[in-house]
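Chemist: We have chain F already, so just place chain E on it with the hints.
Number of protein chains: 2
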Amino acid sequence: MTGPKVVIVGGGFGGLAVAKSLAKAPIEVSLIDRSNHHLFQPLLYQVAMAGLSPAEIALPIRSILSGAPRTEVLLGEVVHFDLTKKLVALKDGAQFGYDYLVVAAGARTHYFGHDDWAPRAPGLKSVEDAIEIRRRILMAFERAERLRDPAQQAALLSFVVIGGGPTGVELAGALSELARRVLAKDFRHIDARQTRVTLIEGGPRILPSFDESLSAKATRALVKLGVEVRTDAKVESIDPGVIRLSGGHLLQAETVLWAAGVGAHPLGRALGAPVDKGGRVIVEPDCSVPGHPEVFVIGDLAHFVQDGKQLPGVSPVAMQMGRYVASRIRAQLDQAPAPGPFRYFDKGSMATIGRSQAVAEVGRLKLSGFFAWITWLFIHIWYLVGFKNRVFVLLQWIFSYVVYRRGARLITRQDIE
Amino acid sequence: MTGPKVVIVGGGFGGLAVAKSLAKAPIEVSLIDRSNHHLFQPLLYQVAMAGLSPAEIALPIRSILSGAPRTEVLLGEVVHFDLTKKLVALKDGAQFGYDYLVVAAGARTHYFGHDDWAPRAPGLKSVEDAIEIRRRILMAFERAERLRDPAQQAALLSFVVIGGGPTGVELAGALSELARRVLAKDFRHIDARQTRVTLIEGGPRILPSFDESLSAKATRALVKLGVEVRTDAKVESIDPGVIRLSGGHLLQAETVLWAAGVGAHPLGRALGAPVDKGGRVIVEPDCSVPGHPEVFVIGDLAHFVQDGKQLPGVSPVAMQMGRYVASRIRAQLDQAPAPGPFRYFDKGSMATIGRSQAVAEVGRLKLSGFFAWITWLFIHIWYLVGFKNRVFVLLQWIFSYVVYRRGARLITRQDIE
Chain F
84 MTGPKVVIVG
94 GGFGGLAVAK
104 SLAKAPIEVS
114 LIDRSNHHLF
124 QPLLYQVAMA
134 GLSPAEIALP
144 IRSILSGAPR
154 TEVLLGEVVH
164 FDLTKKLVAL
174 KDGAQFGYDY
184 LVVAAGARTH
194 YFGHDDWAPR
204 APGLKSVEDA
214 IEIRRRILMA
224 FERAERLRDP
234 AQQAALLSFV
244 VIGGGPTGVE
254 LAGALSELAR
264 RVLAKDFRHI
274 DARQTRVTLI
284 EGGPRILPSF
294 DESLSAKATR
304 ALVKLGVEVR
314 TDAKVESIDP
324 GVIRLSGGHL
334 LQAETVLWAA
344 GVGAHPLGRA
354 LGAPVDKGGR
364 VIVEPDCSVP
374 GHPEVFVIGD
384 LAHFVQDGKQ
394 LPGVSPVAMQ
404 MGRYVASRIR
414 AQLDQAPAPG
424 PFRYFDKGSM
434 ATIGRSQAVA
444 EVGRLKLSGF
454 FAWITWLFIH
464 IWYLVGFKNR
474 VFVLLQWIFS
484 YVVYRRGARL
494 ITRQDIE
Chain E
84 MTGPKVVIVG
94 GGFGGLAVAK
104 SLAKAPIEVS
114 LIDRSNHHLF
124 QPLLYQVAMA
134 GLSPAEIALP
144 IRSILSGAPR
154 TEVLLGEVVH
164 FDLTKKLVAL
174 KDGAQFGYDY
184 LVVAAGARTH
194 YFGHDDWAPR
204 APGLKSVEDA
214 IEIRRRILMA
224 FERAERLRDP
234 AQQAALLSFV
244 VIGGGPTGVE
254 LAGALSELAR
264 RVLAKDFRHI
274 DARQTRVTLI
284 EGGPRILPSF
294 DESLSAKATR
304 ALVKLGVEVR
314 TDAKVESIDP
324 GVIRLSGGHL
334 LQAETVLWAA
344 GVGAHPLGRA
354 LGAPVDKGGR
364 VIVEPDCSVP
374 GHPEVFVIGD
384 LAHFVQDGKQ
394 LPGVSPVAMQ
404 MGRYVASRIR
414 AQLDQAPAPG
424 PFRYFDKGSM
434 ATIGRSQAVA
444 EVGRLKLSGF
454 FAWITWLFIH
464 IWYLVGFKNR
474 VFVLLQWIFS
484 YVVYRRGARL
494 ITRQDIE
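So the sequences go chain by chain: F and E. If you count the first sequence from 1, position 338 lands on 421 in this note's numbering, and the numbers rise without skipping. If you count the second sequence from 1, position 261 lands on 344 in this note's numbering, and the numbers rise without skipping.
Chain F with its partners taken away, still in its complex shape:
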């Protein structure tokens, strides 16, 4: 090995931040990911709701890092770590040695022990997820258009979103808008405006991590969009066509979306380090694995406590951790003093409701309504990787805001029953 070698597992926000921060350093970097693209997850719900195409929010990782000559990008699946020998093993048998290892494999949809719900209630973590959700939604309308029985049509035009966090709120709002505003004129035998969207939240209010006043505003905005919001409603079973809630309530719905839980990627456990009950690796204040100062875990895979609270699994946390870890590695190699422990600077949280409303919280500042939405738009576009994507997504939104036609409504590999 010529120079020090850093292996990064995962090309999401965390892993990419490490790689970009090390791009100019005299360090060999290998970034391994199971997919070829970096995904801008905050906008994935737009793909699921036929508002954006996948390519508008995803870029090939090697393309993003093409200007870093000492960085290689490898398409492969990591399955095993040997922290003693400092090796990473891939599914195809290949092994890579490292001097530093950064595991940023992210999170997965989590069903709290009910993995059998997965086929009936898909989650939203990847482009494939988003395309499948989009397909199911569009097919529900297509199938309803072919029927003549009002009860069957109503069942097909009933959608349930489980989980009242930002993802669920965004899905529910966008879905209701899609039905009422975009699809309304496209059908002859159904009235898409009669679509029922129900958002289910197990706790007492949606957006529990936001201030109460913003939860209330978001609820009102959703109701105005035609979404029924049910709180204190836990899901007990998900069967074809019907969901049973706590208290014996039944909900009839053909299409169910799961936004109620994410857990750590299984690679967290593969490290052999202490994990929380979601599988997240409990890291030191410098994001390293206990006993292995050269191995770091960042992003959604890490359990990091700051000021007594666990940091959430959101992209700014992953990005800041990534940059921090890169600076630690560079400092060590430069034999410079190490930076202090990691500290996350909370730049706030946001959630959109439909195409023109949002709630946002930055410290004590609370925004809502259209102004919050504009702020959300610009911040997200700013963080979108790739200048062209920024231009195109902005144009796409201006266009659909003015014209309200959603073009990304492709059904591929459709089921025709």
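Derived by calculation from the structure, the hints in this document are not laboratory data.
One copy or two, either will do: identical chains are not told apart, so a pair holds if it fits within one copy or between any two.
Calculated lysine to aspartate or glutamate pairs in the EDC-like style (CA-CA distance at most 16 Å, straight line): (1) K103 x D269; (2) K268 x E155; (3) K107 x D417; (4) K392 x D359; (5) K449 x D429.
Modeler: Using the frame of chain F, we list chain E on its own:
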């Protein structure tokens, strides 16, 4: 039935032209298609070569026809016709009666009796086809990047396109450009500029339907792009990793694309009318099925002879036939004199070679080079359905022409071996 009923099978160029021409008439129209979108096929090779996203060249059919209140769009697969009872039967059992029937089901990839070649040499007729081709191409580079054996890498970086018509020429040119200009800086263990692209043509020259001088110009442009052009080369077998040509020549290639033949959709035979050996329905001079003046076949599914020559399966033919059939139907309903027999006005043919060259032939006018390419660009953008798509595709091209970064390089459902 209230008014006269027209059933259109297929939402491609032909079927859509009929529907759009009848949109304002007091006629009930049902358009049935197996997929939900209308596809702009001339640009499908751009999706296969990661230059455009599927949604940029496809629009939901019902969205295109949403302004026609008497037109319904149905997602379904037609499997049977009863011309006596005037019924169309779908796979799911539904039946539709008609007063007029227009069958515009198009063409399918044709392997001349070698259907076993299909898995190893995919064709390019649908969005799914294009996505699969794109996946195979991008995966070949990803796999080569993981290897260290130069012979294995060279095999993975060898591509063969079979068929020297416009589709094959466009695929081969775009593929060579993708490798040499777009992917060149993205890899560390392979030199993408060493990619071998071979275009195979069974006849004496590529683009046989064009003037000889343009075939020669196209050949030179392809060679300059790094494509090897082999004419008088018929394929005898396609096996994993190797193709055998007439004369015993062997070509080693990991990825093979088929652009050598299209045949009629099987629905042509289902009509029970006389067909040619490709399965195309031999229609009357008014595009109707012999003995059934109320049943029309148009587009790639029709065998129409004009001035002793069979009309080619290109989009302008389908569009003109569609408009013609619509005018026949309207004339009959208005009890006006019927238009004369169908006559195709040839607006010319074009084929691109790479991102800045093309050959075009309009009557006796022959264009080549960059000027032909600009002409091609504007004509295709003009015919692209949907204003937004026109704007976006134009911007997309201006952007990649200037910057040369192809963003639509997504691999979904990838095979990691």
